[in-house]
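Going down the list, the protein sequences come from chains R, L, E and S. Quick note on numbering: the first sequence equals residues 1 to 289 in the UniProt record's numbering. Quick note on numbering: the second sequence equals residues 1 to 395 in the UniProt record's numbering. Quick note on numbering: the third sequence equals residues 1 to 347 in the UniProt record's numbering. Quick note on numbering: the fourth sequence equals residues 1 to 260 in the UniProt record's numbering.
The set of hints was computed from the structure by calculation and includes no laboratory data. One or more of the hints may lead you astray.
Claimed, not checked - Take a look, some chain R residues computed to stay more than 12 Å from chain L by CB distance:
| # | residue |
| --- | --- |
| 1 | 56 |
| 2 | 117 |
| 3 | 136 |
| 4 | 140 |
| 5 | 180 |
| 6 | 185 |
| 7 | 219 |
Stated by the list, open to error - Here chain E is said to cover these stretches of chain L; the calculated rule only asks that three of the stretch's residues, wherever they fall, bring their Cβ under 8 Å from a Cβ of chain E:
| # | region |
| --- | --- |
| 8 | 172-180 |
| 9 | 316-325 |
To be verified - Distance condition first, Cα-Cα at most 27 Å in a straight line; then the derived DSS-like pairs of lysine-lysine:
| # | chain 1 | residue 1 | chain 2 | residue 2 |
| --- | --- | --- | --- | --- |
| 10 | L | 194 | L | 32 |
| 11 | S | 8 | S | 79 |
| 12 | L | 32 | L | 161 |
| 13 | L | 135 | L | 161 |
| 14 | L | 171 | E | 163 |
| 15 | L | 135 | L | 340 |
| 16 | E | 163 | L | 167 |
| 17 | L | 135 | L | 294 |
| 18 | E | 163 | L | 326 |
| 19 | L | 294 | E | 163 |
| 20 | L | 357 | L | 32 |
| 21 | L | 340 | E | 163 |
Beta carbons: idealized from backbone N, C-alpha and C, even for Gly.
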Amino acid sequence: MEQILANGLYLGAQYALIALGLTLIFSLMNVLNFAHGQMYVMGGFVTYTVVAQFGLPFIVGLLASAVVLAVIGAVCERFLFRTVIKRSKREESTMLLAAGIAFFLDAVILLVFGEKQRGVPKIVDGVFNWDMRLIMPYDRILIGALAIAMVVGFILFMQYSRTGRAMRALAQDRMAAQLMGVDVDRYSMIGFALGAMLAGIVGGLLVTITGINLGMGGPTSVKAFLMIMIGGAGVISGAIAGGFILGMMESIGLTLLAAYGDVTYLAIFATLLVFLAIRPQGLMGKPWG
Amino acid sequence: MQRRTFIATAGLSLAFSLTASVAAWAENATLKIGFVGVTSGPAAAWGISNQRSMETRAAWLNELGGVQIGDTTYNIEIVAFDDQKDPKRAIAGMEKMAQDGIHYVVGPNVDDGAAAVRPVAEQNGIMYFPYAFPKELYTAPASNAILGMVANYQSGPAIYKHLMETKGVKKVAFVAANESDPLSQRDSGVEAAKALGLEVVSDSVTYQVDTTDFTPVLLPVIQSAPDLLVLSGVSPANAPQLIRSARELGYTGLISTETAQDAQVLQEGAGELANGFISVGGASTPELASDAMKEFVERYTAMFGEYNDESNTKVYALEYIIETLKANPAAIDNVEEFKKTMDTFEAANPFMVGDAKLTYVGTSSFGQKRQVSVPLVVNEFQNGAFQTLFVAKVD
Amino acid sequence: MTTPKIPNSVPTSFGNSAASRPGSLGPARLAGVAAFLALVFVAVPLGIAASGRWDFYYTLTSVALLSIASAGVWLTFYIGRINIGQGAYALAGGYVSAVLITQVGMSFWLTLPLAGLACAGLAVLIGLPILRLRGVYFAMVTLVLTEVARLSALALPVTNGAKGITSIPLPGELSVLGLTIIPDFATLEDPKLAFYLVAVALMCLSYLALWRIVNSRLGHLCRSLQQNEELAASIGVNTAHLRVLAYAISSFFGGVAGAMFVSISQSIYPSSFQVADSVNFMLNCFLGGLGYVFGPMLGTLLLYFGWDLLFTTGQYQMLIYSSAMIVLMLVLPNGLLSLFDRKGGGK
Amino acid sequence: MTPILQVKGITKRYGGLTAVNEVSFDVAEGEILSVIGPNGAGKSTLFKLISSFVTPTSGEVLFKGDRISGLAPHQVARKGVVRTFQETTIFRSMTVRENVIVAHHLRSRASLLGFFLGTSLARQDEAEFGASADGIIDFLGMGAIRDELASNLPQGHLRALGMAIGLATNPRILLLDEPFAGMNHDETMRMVGLVRRLRDERGVTVLLVEHDMPAVMKISDRIVVINFGQKIAEGTPAEIQSNEKVIEAYLGSEDAAIGM
């Protein structure tokens, strides 16, 4: 039991961080960023390159991932999404753009980083073992703690910083924010950069544990969608809750349903469908996002 | 031709391959060999190692002046098609090969693609070399597919038997990804283990390929206390993580797989924890590799920047095609001739030391010779490199 | 979530104003249809025979079938729902056909409509709860649906699980009252042309149906739903019923396309239609233009052929393809057919 | 004569908040009845309760003696109780004429399949809808903007279009949600005339919820006043104007003075 909870908590922390970036972008611009998973993969590869190829400390790699992805995010917003949102008659058109960017990043990652699985050596060795009841490698504890710290940091940033407050105003009501003198373009760009950066940081964090490969992008996006559906799209607390809930469901499901083989995810999906049929806006979302 | 001038990570390779191609481009005729497989997206690694090993070998042969088949000397051109791991695209790829007048194609890399291209290959007279294990592809009435490697239901029993005899393995557990290929391999693995009299203690646990934490997946498996943990059809990307999680959970038994792995990926992903991991490899272990294999690895590395251990196996398909054509030049545009030759075909294996032969096998598994004979090399991972555990043959 | 912005260009006018009666075929439109039919049934086969590019048959067959599935997705867009789950129905349709052929011994031609109907039935069951969702919620749920379909195909006993169903026989003879309408495909020297003709015939039928839907009262009601569900309810439209109906028709198209593909590849696996396919169906609609009945057909043609034509660019194929897509999006965010808007609305 | 619409002790609570509390009144066939009340009095909720867009916590609404609360909105519309919307809710990317035609849905005799196949019944229906729509458009004086895209219309026309959509359903009783909001004097007077003609020429019973006192006084046969979710008065305009409770309610809420 302890093991299941610990696994769920650890998974939940990283999932929450992934979902945060996605939901931030969604709440600010109503863009469902299909390329979120690819941004995560990109972050992982940047950290890998800095740490494993250049031999620099892990923290440098993490910072590099953050910076690179923030720049990519800002560029995407400034030159792509902004234009399309202005010119398009239906806002769903941004989905096509996001999918195009996902394909593009996939192609770039393949050309630049290659097709192989990559990983950096463990940053801390050893395994925490409490009487075989709870087994958790130290590096996983560290990464989990870092992820939780980041989530807390992000909440504080959104709550108390000027930028964070401006973005929250923007997310709440674009029109009103504009009237209140919030520079919508500027904060949309910052928000997008921040969302992409979060994806990159998770990639960088997890490359020490799970490694990274080209194929992780798409499935990661799908999982992130799941989380924000559970929690409610465009709501920060919802993304965090969604992340932890999915982590727990996965951990519990894999343990309880192991004997039945291939059905854990089927069960999770079925639960989700039933849940959404009852509560279409997710746990904490406003009706219709 | 343009395919030869790949811009790999090293700028050097560009110059190298350019000079190589210019030098060799005499008035030789061209023999096109196709490749239909996945070279983009999540599973890119499988197809890319195929395509690159073919391109490396082709460039090398052309540099040597081409290949003489009958009275004509040919330069080899590789025509590659990326099917994006989509069976519908794979059909399009095979159609494209037929359109180009190609009769010999390497690929596809997965079960669904290999099954989907079968009608096209049969209608258009194409022999193809899939890296997929379903038996109906190779047993009559099917006759155009040739298995390009050792199937897991062939290597599995050999490995289990070896481990029973040398390590006293009695209980075995299986884990597989929740996808067609790995699940099929798990099922045939379980069957083989039971046939050998092993006790299968866990065979129902599966995982999503995008799993980022395998601890919850492996927990119930480890609790079933097996002596041997088989990672059925595990992709090189997942293997290190699975090994690591199993070891971190305190598992001390053996771990094995029947698919080929990459040493560097294992080293990066699992480090010391991967020591003792048993997998099926190609023919480039120091004991087996001929000078030609060593040169192949060098050339591959020069062309593409980094070698992939899976290419040890994947270089063979092209070699088989060319050597069989040499043995019967009439087969160059007639696969029926090719099929006739297959039964008696024998040629020297350039990639292995000693007097190893290239022959077609598969009689005991498929009832007809529809498999290339590559040495079944079972490796053990030790400190960043593979060491040969034992070598066997498939008939 | 704000309501989606709607194209200003009205795809079709309705009412019986003299200009265009619903469903009426003016001489110009009739000529256009005739030209299109001549193109797909005569010009393309002649062109292929002349150029010797036999591989185009399969390419165009794929385009025809994928555009049928995309037409279904387009219809859900028409009621204001973003559908990224069509792959699930294509897979289900494929399995229905494959199972009926291999286990019941039914004729393929009978399984084709049955696959569509089974998918429509499935869509009613699934649609009832999820069609209450709107916007990105519906989009994300449908995205998950494709994955559910794959996992179900792996887990259900009738699908033969991971091993898939292979060696499915080619479509047999179709005869009515002793009159052979379609010959047994196995007796044909090369079924490519036959598959092509069947596929484009199905495509023409599907788009005819879609066009009729859009131009009939059903289409007008769908549009009313897309623009304002509350108002639609207040004028007496049973919105829940209509949504499910549109979704069922949409899934019918998906099922038929899936079943047809199975007959070509003579095999089906849980991975035969994946999330990537679902996303592509949606992209086809976007690219062609959501305001135009023939948008998804054009979008499919372009996206599929685009990839095929880039075949020679080797490892840069994906890079060029995706860049082109992004540029297209920047230049024509409302779909390719919006190019014709200035000349007074689409078809 | 039994009233066409009966509201019986209807109550709606949201959590701890009671938006509408035990409100009862009747609407007679052919009458124009207005519900008024200060801001936040519960008018909108009452309106949604009657049109069944919201289900009541207790109480019920009867139409011709049949209970309609609890039915889906489209079923209520089918019975002949049709609402218009407070906001300018129309089908934005259809023309005026298309808006009105589509709203003829309830009058269809042909099935959807019939329309799809273009049967003669369906073609007859379409022809009738077109003629009827033109009639309604002319009736509301919108002939000149018949083929204009709805999203391009000015607000006054939008309101009229909303009413046209309501009329197209052939309602027995039309519920108008603040039909005069945001209009200047001239526009209001024109709208008052329209609503009158609606009743006089088409025999439609009208129940409206409104804010604009002078217009209400002018148009209504009877008025129901609610405040804090409760009915505080009911009667003719003259009676309401002199009702102490009503004056107090309006003065207390510092809202517009009454009956000027």
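We went through each hint and held it up to the structure:
1. 56: holds (16 Å)
2. 117: At about 4 Å from chain L, residue 117/R fails to clear the 12 Å cut-off, so the statement is violated.
3. 136: violated (8 Å)
4. 140: violated (8 Å)
5. 180: The claim stands: residue 180/R keeps its Cβ more than 12 Å from every Cβ of chain L (closest is about 41 Å).
6. 185: It holds; residue 185/R is separated from chain L by about 34 Å at its closest Cβ, greater than 12 Å.
7. 219: violated (3 Å)
8. 172-180: holds (count 3)
9. 316-325: violated (count 0)
10. 194/L - 32/L: violated (45 Å)
11. 8/S - 79/S: holds (19 Å)
12. 32/L - 161/L: violated (42 Å)
13. 135/L - 161/L: Holds, at about 22 Å.
14. 171/L - 163/E: Distance of about 26 Å is within 27 Å: holds.
15. 135/L - 340/L: Cα-Cα ~21 Å, so holds.
16. 163/E - 167/L: Violated. Residue 163/E to residue 167/L sits at ~33 Å, over the 27 Å cutoff.
17. 135/L - 294/L: With a Cα-Cα distance of about 33 Å, the restraint between residue 135/L and residue 294/L is violated, given a limit of 27 Å.
18. 163/E - 326/L: violated (36 Å)
19. 294/L - 163/E: violated (38 Å)
20. 357/L - 32/L: The hint holds at about 25 Å.
21. 340/L - 163/E: Answer violated: residue 340/L to residue 163/E is near 30 Å, above 27 Å.
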